[in-house]
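Numbers in my numbering are just positions in the sequence shown, counted from 1, shifted up by 710.
It cannot be assumed that every hint is accurate.
Quick list of in silico lysine-lysine cross-link-like pairs, DSSO-like style, CA-CA up to 27 Å [what the hints assert, rightly or not]: (1) 753 / 859; (2) 859 / 833; (3) 1307 / 1164; (4) 1040 / 964; (5) 1175 / 964; (6) 1244 / 1085; (7) 1109 / 859; (8) 898 / 1006; (9) 1109 / 1137; (10) 753 / 964; (11) 1101 / 1161; (12) 1222 / 1244; (13) 1175 / 1101; (14) 1006 / 956; (15) 964 / 1112; (16) 1307 / 1222; (17) 1175 / 1159; (18) 1175 / 1117; (19) 1175 / 1164; (20) 1085 / 1164; (21) 1175 / 1137; (22) 846 / 1109.
If you're looking for bench data, these hints aren't it; they were derived computationally from the structure.
Just so you know, these numbers come straight off a predicted model, no measurement behind them.
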Amino acid sequence: MTVKQNDTTSTVDVLIIGAGPAGLMAANWLSRFPDITTRIIDKRNGNLENGQADGLNSRTLEIFESIGIYEMISKEASRMSEIAFWNPCPDTGRLTRTGCIPDTIPGLSRFQQAILHQNRIEKHLMDNTLLNSNGKLVVERGVSPETLKIDESLVDSQAAYPITLELKHLSDAESMPDESVTKVAGIKSGIFRSSLMSAEQEEALYKRDDDSRMEVVKAKMEGEQTNYVWGVLDMIPLTNFPDIRKRCAIHSAKSGSVMVIPQERNLVRLYIQLPQRVKQGEYLDRSKITADSILKTAQAVFFPYTLEASRIEWFTGYHIGQRLTSSFGKHRRVFLAGDACHTHSPKAGQGMNTSMQDTFNLGWKLAYVLRGVAKPELLDTYTGERQVVAKTLIEFDTKFSKLFSGKPRGRDGIEEEDTISLEEFHKVFATGNDSGMSIDYGDSQLVHKSKSTKQALAIKLPIGKRFFSAQVVNMASATSDQLATRIPTTGAFRLLVFPGNVAEPDLMLRLKTLAAYLDRPDTFLSKYTPRSSKGRDEIIDIVTIREYHSSPRGNLQLYDFPQPSIFLPHNYQKIFVDDESYHMGHGHAYDAYGIDKAVGAVVVVRPDQHVSLIVGLEDTDLLEDYFGGFMREAQDGGFPAELIPKMQPPAWETAPSEPDNNASVLRAQDIAVEKLVIA
711 MTVKQNDTTS TVDVLIIGAG PAGLMAANWL SRFPDITTRI IDKRNGNLEN
761 GQADGLNSRT LEIFESIGIY EMISKEASRM SEIAFWNPCP DTGRLTRTGC
811 IPDTIPGLSR FQQAILHQNR IEKHLMDNTL LNSNGKLVVE RGVSPETLKI
861 DESLVDSQAA YPITLELKHL SDAESMPDES VTKVAGIKSG IFRSSLMSAE
911 QEEALYKRDD DSRMEVVKAK MEGEQTNYVW GVLDMIPLTN FPDIRKRCAI
961 HSAKSGSVMV IPQERNLVRL YIQLPQRVKQ GEYLDRSKIT ADSILKTAQA
1011 VFFPYTLEAS RIEWFTGYHI GQRLTSSFGK HRRVFLAGDA CHTHSPKAGQ
1061 GMNTSMQDTF NLGWKLAYVL RGVAKPELLD TYTGERQVVA KTLIEFDTKF
1111 SKLFSGKPRG RDGIEEEDTI SLEEFHKVFA TGNDSGMSID YGDSQLVHKS
1161 KSTKQALAIK LPIGKRFFSA QVVNMASATS DQLATRIPTT GAFRLLVFPG
1211 NVAEPDLMLR LKTLAAYLDR PDTFLSKYTP RSSKGRDEII DIVTIREYHS
1261 SPRGNLQLYD FPQPSIFLPH NYQKIFVDDE SYHMGHGHAY DAYGIDKAVG
1311 AVVVVRPDQH VSLIVGLEDT DLLEDYFGGF MREAQDGGFP AELIPKMQPP
1361 AWETAPSEPD NNASVLRAQD IAVEKLVIA
């Protein structure tokens, strides 16, 4: 990519336009690859201070754990445990609680949904990106693209820079509207960034130098906008409403609906259905929406409960609408993610999550192609996978928003215009509340559901869905751990080898046969890993999870495992046991994944943690076929096994004659201690 600014020209491998959640997740991925030059620019001259998205679903929290920021997020976030439904009593019309359900479906994930303002999420992503890149990849603020041109004659050349952009460094006035727009009556307002304004209206709020010109590049999006208008308040409430610190869906008899979202720092976010309506394609006069008018509408919905504000921190309004772009990319060179390609109402709490998951899907694919590890065709899977996700989300949001905005149906059950069945609303709410876990990527070069796969070997790990965690015990240290924490985001594929109880000679033989194959210089493990890599596990990383039966865990030593493919010397996070831990009980990983302990399986997990292939330990031809479909052979000859030093067993294990007395005593002491610990 060629970048022009201030009469200078520079080149960059990846330019990310927009430092919102989607852009920052892309930057976070690419910050892990120092051989890829990356820049990220944003029109805003500072971080987002208030408002915008705040819901984090369980899948996003799993991703945050994988990239290393979950612990910091969890310290600040407000956790969600229960959803309460409030509806008018059929007899009196009085607002009453009609039911409660878990906010996160039990058993879906180790993490519950949480709430944290978007500005804090962006801050943690930026800090982690800065750390990964050794301080090199920072957001360039107040920078905006004026033009973008693609030379289509060069798009198929990997060495070319077919995209040319002209960037403008903006003044403070150009990069942020003044306080007359961002504050109303002293309260911070987000209306200038909301769907209550057209793109042209929002653009007009930014000042321009007399001699400057801004070319707006737009992506055509297909969809429609409803006539419903909603307001949003972030406030510290004074109320006698009993469920104010729970997520609530409230339908009043005549005054509209409210969703309650508890936030950090005693704040509560209210999504409030407003009485104003607009015609199709029109925009509401934004001056009619103020913090006070939104609060008054909320008070009518909460009646007979009282609702006042100790402090209102931020407010905005929006039209409910759903839109989806016809394409997520062009020429494998320009890609759209997040709000640039799909928009919907915020009440389902999936916008920011889906945006970050877009680029979590895209980031590693860009890195593989740019580094020459994979074929360019790999990038086609981004649109194929994420467009389906966006379409499914928009279909759910369309139905959910209609049900939330409708009036409760009367006692007689007669259907009138804009009335909804509360039973149907509860059902849709519950079924759609899967915390991002239902994403299931279809058949492709990356996901082998029907081709060369043996799903029955790990029946509870659906191919195409995310790999979920189970507890295992580290063989070297005997400490319990979640398997997902041992396969963090590095950009590597994971081969999770489940060989069964290898204390049994026939099962150990199967493992050694697989290892011998992988050690050959002509297999996928060697030929797709550049010799210049930091290690043989940089592209394809192998982790073994043996099953524990009746023999003590200590009967096998690390050096008893085949080397060097299955065990990399001095990296003790490669071999685990499905065993009882001293403090955390038994994880039963084989049972959790549906793997037969006498048969075993090899599970291939993509860098973005989705299961892509399941085969048996003998199915090396299927592994070759899978990786050969999208990988490129290393130009430097690959990374053969002989480059890795083997761990040697102790001398007494290999001595041809009777070991000396000191060694015998030492071994006897080891055995005694081992038996004592196991007992």
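So, going through the hints one by one against the coordinates:
1. 753 / 859: holds (19 Å)
2. 859 / 833: violated (32 Å)
3. 1307 / 1164: Holds. Residue 1307 to residue 1164 sits at ~16 Å (cutoff 27 Å).
4. 1040 / 964: Violated, at roughly 48 Å.
5. 1175 / 964: Measuring from Cα to Cα gives roughly 43 Å; hence the hint is violated.
6. 1244 / 1085: holds (21 Å)
7. 1109 / 859: violated (39 Å)
8. 898 / 1006: holds (18 Å)
9. 1109 / 1137: This hinted pair holds, its Cα atoms lying about 12 Å apart.
10. 753 / 964: violated (43 Å)
11. 1101 / 1161: holds (26 Å)
12. 1222 / 1244: Roughly 25 Å separates the two Cα atoms, so the pair holds.
13. 1175 / 1101: Holds. Residue 1175 to residue 1101 sits at ~17 Å (cutoff 27 Å).
14. 1006 / 956: Given pair residue 1006, residue 956 holds - Cα atoms ~21 Å apart, limit 27 Å.
15. 964 / 1112: holds (16 Å)
16. 1307 / 1222: Since the Cα atoms of residue 1307 and residue 1222 sit roughly 17 Å apart, the hinted pair holds (cutoff 27 Å).
17. 1175 / 1159: Given that 27 Å is the threshold and the Cα spacing comes to 11 Å, the pair holds.
18. 1175 / 1117: violated (37 Å)
19. 1175 / 1164: holds (15 Å)
20. 1085 / 1164: It holds: about 25 Å lies between the C-alpha atoms, which stays within 27 Å.
21. 1175 / 1137: Holds, at about 24 Å.
22. 846 / 1109: Distance ~44 Å between residue 846 and residue 1109 Cα, so the pair is violated.
Of the numbered hints given earlier, the model fails hints 2, 4, 5, 7, 10, 18, 22; all others are met.
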